[in-house]
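Protein chains: 2
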Amino acid sequence: MNKKKLVDIIVNNAVVLTINESDDIIKDGSVVIQADRILDIGKNIDINEKYQAKRKINARGGVVMPGLVNTHTHLAMSLFRGMADDLPLDKWLSEHLFPAEKKFVDEEFSYWGSKLALSEMMLSGTTTFCDMYFFEKEAGQATKEAGMRGFIGEGVVSEFGDEDEIFYNKIKLTAELLEKYKKNTLISIVVEPHSCYTCSKKILIKLKEYAKENNLLYIIHLAETKKEFDDVKKKFGVSPVEYLDKIKVLDEKTLAAHCVWLNDNDIEILRQRNVKVSHCPKSNMKLASGAAPIGKLFEKGVVVSLGTDGSASNNNLDMFSEMDYAAKLAKVTTLNPEVAKAKEVVRMATINGAKALGMENEIGSLELGKKADLIILDFNKPHLVPVYDYYSHLVYCASGSDVETSIINGKVILENRKIKTFNLEETIEKSNSIAEKIKTA
Amino acid sequence: MNKKKLVDIIVNNAVVLTINESDDIIKDGSVVIQADRILDIGKNIDINEKYQAKRKINARGGVVMPGLVNTHTHLAMSLFRGMADDLPLDKWLSEHLFPAEKKFVDEEFSYWGSKLALSEMMLSGTTTFCDMYFFEKEAGQATKEAGMRGFIGEGVVSEFGDEDEIFYNKIKLTAELLEKYKKNTLISIVVEPHSCYTCSKKILIKLKEYAKENNLLYIIHLAETKKEFDDVKKKFGVSPVEYLDKIKVLDEKTLAAHCVWLNDNDIEILRQRNVKVSHCPKSNMKLASGAAPIGKLFEKGVVVSLGTDGSASNNNLDMFSEMDYAAKLAKVTTLNPEVAKAKEVVRMATINGAKALGMENEIGSLELGKKADLIILDFNKPHLVPVYDYYSHLVYCASGSDVETSIINGKVILENRKIKTFNLEETIEKSNSIAEKIKTA
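Taken in sequence, the protein lines are chains Z and L. Take 954 as the starting number for the first sequence in the numbering used here and just add one per residue. Take 954 as the starting number for the second sequence in the numbering used here and just add one per residue.
Hints are computed from structural coordinates only; laboratory data are not their basis. Small disclaimer: the values here were computed from a predicted structure and weren't measured. Mixed in with the good hints, there may be bad ones.
Because identical chains cannot be distinguished in the list, a pair is counted as satisfied if it fits within a single copy or across any two copies.
[As the list claims (entries may be wrong)] Listed below are the simulated PhoX-like cross-link pairs for lysine-lysine, each with C-alpha atoms no more than 25 Å apart in a straight line:
| # | residue 1 | residue 2 |
| --- | --- | --- |
| 1 | K1392 | K1294 |
| 2 | K1296 | K1125 |
| 3 | K1180 | K1090 |
| 4 | K1308 | K1364 |
| 5 | K1206 | K1308 |
| 6 | K1390 | K1201 |
| 7 | K1253 | K957 |
| 8 | K1390 | K1159 |
| 9 | K1154 | K1373 |
| 10 | K1097 | K1334 |
| 11 | K1201 | K980 |
| 12 | K1334 | K1390 |
| 13 | K1055 | K1334 |
| 14 | K1373 | K1334 |
| 15 | K1044 | K1296 |
| 16 | K1392 | K980 |
| 17 | K1392 | K957 |
| 18 | K1133 | K1179 |
| 19 | K1249 | K1371 |
| 20 | K1308 | K1296 |
| 21 | K1253 | K1090 |
| 22 | K1308 | K1136 |
| 23 | K1154 | K1294 |
| 24 | K956 | K1179 |
| 25 | K1003 | K1125 |
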């Protein structure tokens, strides 16, 4: 009798969507996890012969796929979910969000709001996210407790207050976060100027210098609305993308969120600089910002990933829904149903997200040696029956609520839709009590 | 001690969204059901004093609202879900759907396909639907077993075959359905020519005459694609809406699905004739058909309801998702975030659906004396926390999977997400086995 190798976890009886280069799908498949990494992937029968597991997780014929990567969020804004809807971005920001943020956003808000958002993400298949908000120390703490893979960055807005003081304070916070998480493999720190219309040229450049010195990603909202495009054009004589290119902050470590209003030259610049894009279709639709030209970006070979934006403008963080919107919005706005095919869209939410965050060697697909970040979906539900094409079902039929189990870095953080790493009830209670204060203020 | 009146069901501890004329919301509320109707609605404390119930259903602080009304479906097409995606409507129909229908659609297909679709609808909050497909006797049987409220009609296409023979056969089937369900309060029969491009003028007119004689709704696909608009214009010199108006088939008992390609005169005709519209945003987006001008239709006072279309072109039947798409598509295509506000969209999926089907005195809102068709949503989930605005959450955050319990005509057909009226496992098994035959053909 052969001696079987003892491993930590085997997920078996799965349809394994690898999202590797050749899009391999393994039916009656298993994924073997040892510590934080994928040790093997194969047919149940072969895996069974080679390994015995401390723990077996039966996918019962469901889909196992890489955890989803949400490249643009504002976690704590979940506490403002539904507070002000059906308004244009500028009015929504200046009359509702900015005043509410000034009044209510503090450490407690950030901690519980982040935890609320993390709960929602864990329950809908996201395993990695990139956040931009304030009091990010608390967002980091919440992420650590959740066991999620997070990119955390302190949002910088320089229009209100002394520019040098703001820069000093934000860099101080960022340096503290870097120090705190330098040995944490799950949490990465990023540099996040809010946009070219809320940050001065000087701040934009200095933050890029800091990012380069520390080898950090530089995340920015870019070309989100026609107003932004027109205002920048009026002020600087060039488009938002051209402006950022002129001041030399665009490169392969820049991740630009939205990118709705792009002219052909803008797209060419994004391609040349190898800028990564976070497409946020639901937020862009709800705020009536427009539709990013993702078909054209695909054609040029620009890496387009997917983001939910914050819950105040979407209003949820379900990446399955975001995939569906990405596909359908691209089709209807070009009147071309062959744009943004299901398989391409699944890549946007997985491997492209990994590329956007510079993590394509670690996450975004199920391959040997990669981090064990994966989710199990229950396909034994009427809205997922029958199956002719798994990609189609993931994009057009599934929702976050079909995710049964989630594993991040080899650790089960969601099992049978129960969060294993923190107390969800407490998070909901605290969130409701903070909202009560906001409502009665 | 007062004598309390004994009633069948009390749903208590709910946030009751009535969707009545004044949009009343009753917190800490209860709904009292006696036989098939709503007997009373009020605060828990008042209802408790007046009634005792054979059965109490605790909504645990969740939302209770009218069951959703899906005014355009092709039930059995769920068995083709995901078989052919990312294609334009004409290619999808002529190269994939029509050949597959010819080959595979029969009594068994219609029965199990309908049951599969009904399962999905029951699990996502729909209580009333309007179906157009073939072998509708089987769809009717499935509907009867499910306990849903359904409008069933045999789809008529006259382009393949002898016109008179087709008319004779379809009227025969319709007459049989009318006879079979004449005493059934849940199932209504309707007349359904597929469209003005698949039915001859003669058939369109004769079907309208039959509908009038029998006081039945007349359901038709209308102005779905630019191709249809252009072809009809070329052939008849007028738009599709103008053509149907010219042959006098448009009136208050006509329900037109899609209505994407409308000129101003078309909209004026729809208003004048009091035609009801079934807006199908997800199908229109996926097939890249375009965006119906629902803001303009609202302004004119046209009744716009919501439909999912069939699962082969959407690809699911979740009316909560359909609401979200309706709101967001209208905003992004007009670049106006104030179009299709959450509250309006909830009305589209409830009372407007009832109006579209001529049932506004019976369903579509929770009011005394109306039929007891209602759903209970669990709001104790992170993606629905906190709540500032219930309408916003229903449109922008909720999904069909938040529906816990569903009551139709006073009967509990879904409880804690379990279907009470038929065997779901069997339906899934049979659906999978039919799909296997299709795959291997």
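Copy assignment of K1206 with K1308, given that the CA separation must stay at most 25 Å:
within (10 Å within a copy, 54 Å between copies)
State whether the alpha carbon distance between K1392 and K1294 is at most 25 Å within one copy, between copies, both, or neither.
Cα proximity of K1392 and K1294: across copies only (21 Å, versus 43 Å in one copy).
Between copies, within a copy, both or neither: which fits K1390 and K1159 at Cα up to 25 Å?
neither (38 Å within a copy, 64 Å between copies)
One pair to classify: K1133 and K1179, alpha carbons no more than 25 Å apart. Within, between, both, or neither?
neither (39 Å within a copy, 58 Å between copies)
How do K1253 and K1090 come out at 25 Å by Cα distance, when the copy is not named: within, between, both, or neither?
neither (38 Å within a copy, 52 Å between copies)
One pair to classify: K1308 and K1136, alpha carbons no more than 25 Å apart. Within, between, both, or neither?
within (22 Å within a copy, 62 Å between copies)
Have a look at K1392 and K957 and pick one of within, between, both or neither, based on CA distance no larger than 25 Å.
neither (60 Å within a copy, 38 Å between copies)
For K1097 and K1334, with the copy left unspecified, which applies at a CA distance of at most 25 Å: within, between, both, or neither?
Intra 33 Å, inter 22 Å, cutoff 25 Å: inter-copy only.
Can you give me the call for K1334 and K1390, within, between, both or neither, at a CA distance of at most 25 Å?
Classified as between; 20 Å across copies, 40 Å inside a copy.
Intra- versus inter-copy proximity for K1334 and K1055 (alpha-carbon distance at most 25 Å)
neither (45 Å within a copy, 27 Å between copies)
Regarding K1296 and K1125, is the shortest C-alpha distance of 25 Å or less found within a copy, between copies, in both, or in neither?
neither (42 Å within a copy, 45 Å between copies)
Check K1201 against K980 for me: Cα-Cα at most 25 Å, and say if that holds within a copy, between copies, both or neither.
neither (48 Å within a copy, 55 Å between copies)
When the structure is compared with the earlier hints, violations turn up for hints 2, 3, 6, 7, 8, 9, 11, 13, 17, 18, 19, 21, 23, 24 and 25 and for no others.
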